[in-house]
Amino acid sequence: MSVMVARKKVVRKWEKLPGRNTFCCDGRIMMARQKGIFYLTLFLILGTCALFFAFECRYLAVQLSPAIPVFAAVLFLFAMATLLRTSFSDPGVIPRALPDEAAFIEMEIEATNGTVPQGQRPPPRIKNFQINNQIVKLKYCYTCKIFRPPRASHCSICDNCVERFDHHCPWVGNCVGKRNYRYFYLFILSLSLLTIYIFTFNIVYVALKSLKIGFLNTLKETPGTYPSTSLTVLTVLEVLICFFTLWSVVGLTGFHTFLVALNQTTNEDIKGSWTGKNRVQNPYSHGNIVKNCCEVLCGPLPPSVLDRRGILQQEESTAQEGSCPRAPGTQEPPATQGLGQAQEGHCVLSPQVPAPSMSDTEMPEEKQRTPGELPVPSLDAGRAEH
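So for the sequence shown, my numbering puts the first residue at 1; every next one is plus one.
Just so you know, these hints were derived from the structure itself, not from any lab.
Among these hints, one or two may not hold up.
To be verified - Think about it this way: if two alpha-carbon atoms lie no more than 20 Å apart in a straight line, the pair counts; the simulated PhoX-like pairs of lysine-lysine are:
(1) K127 with K145
(2) K271 with K139
(3) K127 with K139
(4) K137 with K271
Unchecked claim - Pair ranges (Cβ atoms, derived):
(5) L77 with I29: 14 to 24 Å
(6) V305 with I109: 29 to 39 Å
(7) L46 with F104: 42 to 52 Å
A virtual CB, placed ideally from N, CA and C, is assigned to each residue, including glycine.
From just these sequences and the hints, can you work out the full model?
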């Protein structure tokens with residue numbers, strides 16, 4: 001017989017989150033969908049460092065100091081750790097409003113602004129918020145249906161509102177916000193030091209080889225075995241990569257160092273929020289470089305509010321063919337009678353029990369009569385007729 005079995009399917013919240021993000025490792029890793037440039041970043045860092053450790057480091061460790069590859073390894077591991085931490089973490093995405101919350105906010109806005117006549121443009125949806133005796137405007141996000149917190153902004157690439165939004169960085173494949181900005185800054189700082197380090201010791205390597213066999217002979221050197229010869233062509237390639245990377249990475253590090261010292265974001269700097277014509281002072285700055293750096297880089301890190309790995313349960317009913325064991329001597333009930341009840345993995349049959357027949361001797365005393373005797377109406381019935 002056919003039995004309905006109810007099964008529970010566990011669904012994580014990250015599977016239902018809106019926005020244009022990708023998740024891996026059951027929601028533990030969160031990135032943007034556009035990850036092509038992030039893979040290019042990994043290739044450039046891993047490729048350049050692999051060539052440096054494979055060829056120049058061995059020669060420099062013997063000729064100069066064994067500490068050279070050790071320090072390079074420390075910089076490389078720190079840069080990779082901060083890169084992955086920036087790319088795989090939640091930058092501070094703000095959850096969108098639920099339908100009931102969005103409806104309540106709409107009612108609140110209508111009550112505040114009143115009825116707008118037809119044909120007129122409705123007033124902007126803005127709330128004023130005071131921070132350090134200065135008015136800050138909270139703007140309404142029509143996509144997320146919320147009033148964004150101070151310094152938050154909506155990323156058009158990830159389609160999410162991000163708290164303390166700095167910018168969307170394709171090189172790390174993620175937004176940079178409140179929860180991963182410090183790791184982003186440490187990444188570009190360590191990458192700048194690593195680039196300068198590799199570039200400098202590549203020049204030192206070529207100079208040492210040139211002193212022994214001449215610069216032209218060094219360039220003409222063919223691949224061989226250590227320590228006589230090395231891949232000088234690859235060394236020149238490393239120098240070129242580091243040279244062109246140096247200016248952009250070091251310049252970016254200097255720019256963000258300036259922003260950290262002012263406790264300002266890239267988004268605020270581009271929009272001129274605190275340096276425009278109004279000359280409004282930055283309400284988030286402490287007026288001290290050390291305090292600003294400590295707040296941005298060493299302040300408490302808020303937890304993620306997305307709850308990506310939270311559980312949403314959904315029930316699915318599936319039909320299974322099978323027979324349920326019956327007691328010996330029990331007849332199978334008709335299709336319309338004794339229908340089994342489906343529970344979780346169990347089958348319960350309800351066979352029909354015939355109603356017991358009532359004989360004359362078992363009838364109540366007032367209803368017993370002899371054969372051929374006519375029924376006598378009761379006294380109450382006669383009274384009712386009169």
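Against the structure, the hints come out as follows:
no.	hint	verdict
1	K127 with K145	holds (14 Å)
2	K271 with K139	holds (15 Å)
3	K127 with K139	holds (7 Å)
4	K137 with K271	holds (14 Å)
5	L77 with I29: 14 to 24 Å	holds (19 Å)
6	V305 with I109: 29 to 39 Å	violated (23 Å)
7	L46 with F104: 42 to 52 Å	holds (50 Å)
Consistency with the previously given hints fails for number 6 only.
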